[in-house]
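> Whole structure, please, built from the sequences with the hints as guidance.
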Amino acid sequence: MKHPSLVLFFVFFLSLLPACGSQGPQTLTILTHDSFAVSEELITVFEQENNVAVVFLAGGDTGAALNKAILSREAPLADIFYGVDNTFLSRALEADIFVPYESPLLAAIPDDFELDPQHRALPVDYGDVCINYDRAWFAERRLAIPAALVDLLQPEYTGLLVVENPATSSPGLAFLLATVAEFGPDGYLDFWAGLRDNGLVVVDDWETAYFTNFSASSGRGPQPLAVSYASSPAAEVIYADPPVDEAPTASLLAPGTCFRQIEFVGILRGTPNRDLAERFIDYMLDTRYQEDIPLQMFVYPVNQNAQLPPEFVQWAAVASEPAVLGPDLIAVHRDEWIAAWTEVVLR
Amino acid sequence: MKGIKDRGGRASDSLNQRFDAPLTRRIALWLPASLFLAVFFFYPLGHILTLSLDFSAITAGALGRSLSVLGFTLFQACLSTVLTLALGLPAAFLFARYRFAAKALLRTLTAIPFMLPTVVVAAGFNAWLGSRGWVNIALMRLFNLDSPPLVFGGTLGAILLAHVFYNTTIVVRVVGNALAHLDPRLEQAARTLGADPRRAFWRLTLPLLRPSLLASILLVFLFDFTSFGVILLLGGARFATLEVEIYLQAVQFFDLPLAAWLSLIQLLCTLAFSVVYSRAVTRTPGPSAPREATANLRRPQTLPQRLFVAGMAIFLFLFFIFPMLSLPVRSVARLEADRGERGQVRYGLTADYYAELFVNRSETLFYVPPLRALGNSLGYASLTVILSLGLGFPVAAALARPGPLERLLDPFLMLPLGASAVTLGLGFIVSFGRLLVSPWLVPLAHTLIALPFVIRSLQPALAAIPERLRQVAASLGAPPLRAWLVVDWPIIRRATLAAAVFAFTVSLGEFGATVLIARPEYPTLTTAIYRFLSRPGGLNYGQAMAMATILMLVTGAGILAIEKLRLPGSGEF
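Quick note, the sequences are listed as chains A and B, same order. If you're matching positions, the first sequence starts at 1 in this note's numbering and goes up one per residue. If you're matching positions, the second sequence starts at 348 in this note's numbering and goes up one per residue.
Hints listed in this document are in silico derivations from the structure and should not be mistaken for laboratory results. All figures in this text were calculated on a predicted structure; none of them were measured in a lab. Be aware that one or more of the hints could be misleading.
[Claimed, not checked] Which bits of chain A does chain B cover? Going by a derived footprint, with three or more residues having C-beta under 8 angstroms, they are: (1) 27–38; (2) 51–60; (3) 110–124; (4) 165–177; (5) 194–200.
[To be verified] Label-pair restraints from in silico Cβ distances: (6) B:Phe402 with A:Ala75: 26 to 32 angstroms; (7) B:Val386 with A:Val324: 47 to 53 angstroms; (8) A:Val324 with B:Leu410: 34 to 40 angstroms; (9) B:Val498 with A:Glu321: 21 to 27 angstroms; (10) A:Arg274 with B:Phe705: 36 to 42 angstroms; (11) A:Glu321 with B:Leu615: 47 to 53 angstroms; (12) B:Arg646 with A:Glu140: 22 to 28 angstroms; (13) A:Asp275 with B:Leu370: 57 to 63 angstroms; (14) B:Ala619 with A:Val324: 36 to 42 angstroms; (15) B:Val386 with A:Asp282: 27 to 33 angstroms; (16) B:Asp401 with A:Thr27: 48 to 54 angstroms.
[To be verified] Output of the computed footprint for chain A on chain B, the stretches with three or more beta carbons under 8 angstroms from beta carbons of chain A: (17) 476–489; (18) 577–587.
Note that the Cβ used here is the ideal one computed from N, Cα and C, for glycine as well.
Put into structure tokens, the structure is as follows:
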């Protein structure tokens with residue numbers, strides 16, 4: 001009598017049980033990270049052609065989503081995992097969560113992107129992490145933009161750069177790797193010590209770096225140089241308000257200043273829908289889906305037959321000589337580099 | 348004087364003992380919440396800890412590091428709690444004792460931060476105190492400075508300020524409710540017997556407030572102790588709490604043994620705090636014949652009273668409104684920036700950001716109209732309120748007259764607040780597998796965090812009901828429900844509403860959601876804000892601010908509605 005809510009609770013609780021178990025037989029589940037996006041129409045077409053319902057699960061940032069895929073490998077949460085990048089690839093391969101699939105579409109993808117020779121992880125898209133700069137800020141002051149990473153140590157660039165913490169942010173890690181590639185495992189820490197003494201600003205995530213610290217974004221922050229993506233200037237045009245005919249930002253694209261992130265997809269070991277999963281991966285790598293990628297996720301398609309949208313051709317850029325580090329090298333030294341960086345820059 | 352006598356008096360002890368007797372009844376009161384916590388908290392957490400805990404993997408370096416992280420965690424939590432009390436207690440006093448204009452609005456204003464996503468609060472604080480914030484710009488103009496004098500982001504001060512901003516509402520609600528219900532005749536009697544106001548406060552009011560004071564200290568402390576988003580977004584990269592370190596080890600370095608070890612430290616600390624709290628709270632006075640809240644309310648009369656009410660109300664208003672104000676402002680203001688001369692930023696008014704919320708411009712699969720995101724948020728919040736009140740009420744009733752069972756179980760109730768969300772999330776994966784993808788789990792995860800709040804809000808109020816009154820009602824021939832309506836309900840009404848407000852805001856703030864796997868097709872207002880902020884471009888930023896403004900208004904309206912509910916028994920005496 002005094003606690004009628006108890007009864008209510010049990011009714012509610014019992015009603016949950018069937019809801020939890022109601023997974024239809026023809027469902028393809030794709031685990032991905034929170035930044036994943038795709039056009040509605042593409043998924044509808046796939047669903048109709050294959051008579052299947054596609055369900056997406058967002059598992060947090062790239063690292064968190066990958067951990068969820070690894071921890072659930074005995075009873076996989078999904079049939080497909082999309083979103084592991086080359087900085088995390090070896091963790092996925094070591095945990096052996098993927099089964100190999102040599103898609104015929106790989107023929108249209110340059111070999112540089114195929115980092116796993118056994119085709120357990122297939123490349124889908126790539127993007128360059130570069131320093132973005134505030135075009136107006138540099139124009140007003142008639143200051144030359146830095147031509148190489150080492151220029152950032154010059155006094156005229158004191159206090160102008162904001163970077164993300166590589167321990168908490170994926171572009172932050174990518175930029176750290178670019179410096180390792182540029183200065184070598186023995187020299188990168190000296191470079192960072194120099195940056196620190198030259199008024200480097202470190203924040204924990206891309207959102208803060210871009211929207212709070214970067215002077216060319218809507219946050220109107222204090223730093224005119226920020227680590228972001230080479231495609232960010234295109235987004236500034238597409239999502240400008242009021243519309244602009246020129247991007248307010250651009251990327252430093254000089255050789256060795258950018259790091260290329262490649263994102264992969266794989267079929268999770270233990271899936272009962274192997275055939276369907278293979279069809280979806282083929283669909284993902286085919287031109288139609290690949291051409292949808294740039295404006296949904298602001299990265300580039302790996303399929304060379306895919307056409308880029310005009311905004312991308314005009315405002316986004318690809319680094320001609322991005323920094324390169326093998327995934328095996330990254331796998332072995334990643335944690336050690338981050339720890340050493342933390343000691344030098346933050347402590 | 349009867350109230351005072353009751354507290355040590357033998358008569359009330361024997362009454363309480365009679366209430367203690369039926370153990371089966373007590374077990375029945377505990378059963379639903381225990382089952383819920385066992386299935387959705389202790390099982391997954393125990394599962395992941397046993398899987399990954401490996402003491403041999405803890406090196407001396409890791410041990411030293413975890414100790415220094417624990418040290419900083421405790422240090423900032425203590426400092427934050429003290430500062431929160433310093434603002435919260437006078438505020439609680441203000442709301443409990445005085446009538447003044449726009450009081451309900453101000454009370455609501457103090458509760459809104461509780462559910463605001465950290466990223467939005469960080470943006471709000473930066474617009475106010477950041478290097479290009481209003482304060483710095485004003486100071487630079489005033490004193491003709493070249494650089495901003497105030498450094499905010501990346502400082503301990505930013506962490507403390509944000510914690511006070513978030514958690515003051517806990518003190519206002521938990522302590523304020525108890526203060527509002529104190530029997531004013533006790534103080535009058537003490538004064539008549541010769542106690543000066545200070546003595547009356549220290550010897551009478553403070554001891555009577557102890558349970559709610561301790562409860563609010565515990566809640567605030569645990570929230571600061573497990574702080575994550577505030578540390579990352581406002582403290583910046585130099586500061587790490589245990590929760591931040593657990594995230595780094597588990598997610599970035601995939602060092603599960605170390606993450607499990609840190610989680611264990613965090614859990615044991617939480618348990619220790621809860622044990623200390625339970626010990627302290629059982630040594631507090633018993634029922635004291637509380638009054639209807641309005642009995643304590645008056646308009647400020649003397650000059651010091653007027654100064655206090657005006658000063659405190661204005662300070663609270665400014666403290667809470669400033670960080671929030673920049674969101675609605677930025678949601679209707681566009682920055683028109685001419686290329687090449689962006690020294691002066693010109694503002695223009697626009698409704699575009701709101702209009703754009705209704706357009707799926709990039710035809711993306713995960714686009715959700717704002718009304719549906721709002722619907723999802725409110726749906727989850729309503730279920731969380733029902734569920735956490737349903738589970739919390741029986742437990743709070745049992746705790747109000749604690750026996751050995753209560754003393755044993757009480758500390759465990761707080762563990763969901765102190766457990767690492769990252770670790771619990773991993774536990775959910777290994778324990779529930781595919782069941783995890785059900786959207787029904789969302790209100791359950793929110794309830795996990797809301798439940799300790801609900802119980803701690805209800806318990807002091809329930810404990811304050813004198814059994815004597817119930818017996819009087821019964822002896823006058825009132826059937827049990829009627830007796831409950833006339834005796835219990837008027838006393839616990841405010842606490843129940845406060846509990847509902849907590850559950851509502853916890854759910855809208857998506858506490859506990861990180862332990863789950865998100866279903867992008869059921870986004871809430873908060874997830875929509877994060878989606879907009881994860882992309883460059885002025886339009887995305889504006890839409891995030893518009894969505895945050897909607898979230899603020901909805902929460903404000905929700906809190907006002909819950910508090911204004913005219914339920915039976917809410918009539919004034």
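> For each hint, tell me whether it holds in the structure or not.
Hints and how they fare:
{"no.": "1", "hint": "27–38", "result": "holds (count 7)"}
{"no.": "2", "hint": "51–60", "result": "holds (count 6)"}
{"no.": "3", "hint": "110–124", "result": "violated (count 0)"}
{"no.": "4", "hint": "165–177", "result": "holds (count 3)"}
{"no.": "5", "hint": "194–200", "result": "violated (count 0)"}
{"no.": "6", "hint": "B:Phe402 with A:Ala75: 26 to 32 angstroms", "result": "holds, 28 angstroms"}
{"no.": "7", "hint": "B:Val386 with A:Val324: 47 to 53 angstroms", "result": "holds, 49 angstroms"}
{"no.": "8", "hint": "A:Val324 with B:Leu410: 34 to 40 angstroms", "result": "holds, 38 angstroms"}
{"no.": "9", "hint": "B:Val498 with A:Glu321: 21 to 27 angstroms", "result": "violated, 38 angstroms"}
{"no.": "10", "hint": "A:Arg274 with B:Phe705: 36 to 42 angstroms", "result": "holds, 41 angstroms"}
{"no.": "11", "hint": "A:Glu321 with B:Leu615: 47 to 53 angstroms", "result": "holds, 52 angstroms"}
{"no.": "12", "hint": "B:Arg646 with A:Glu140: 22 to 28 angstroms", "result": "violated, 57 angstroms"}
{"no.": "13", "hint": "A:Asp275 with B:Leu370: 57 to 63 angstroms", "result": "holds, 59 angstroms"}
{"no.": "14", "hint": "B:Ala619 with A:Val324: 36 to 42 angstroms", "result": "violated, 51 angstroms"}
{"no.": "15", "hint": "B:Val386 with A:Asp282: 27 to 33 angstroms", "result": "violated, 41 angstroms"}
{"no.": "16", "hint": "B:Asp401 with A:Thr27: 48 to 54 angstroms", "result": "violated, 37 angstroms"}
{"no.": "17", "hint": "476–489", "result": "holds (count 3)"}
{"no.": "18", "hint": "577–587", "result": "holds (count 5)"}
Hints 3, 5, 9, 12, 14, 15, 16 from the list above are not met by this structure, while the remaining hints are.
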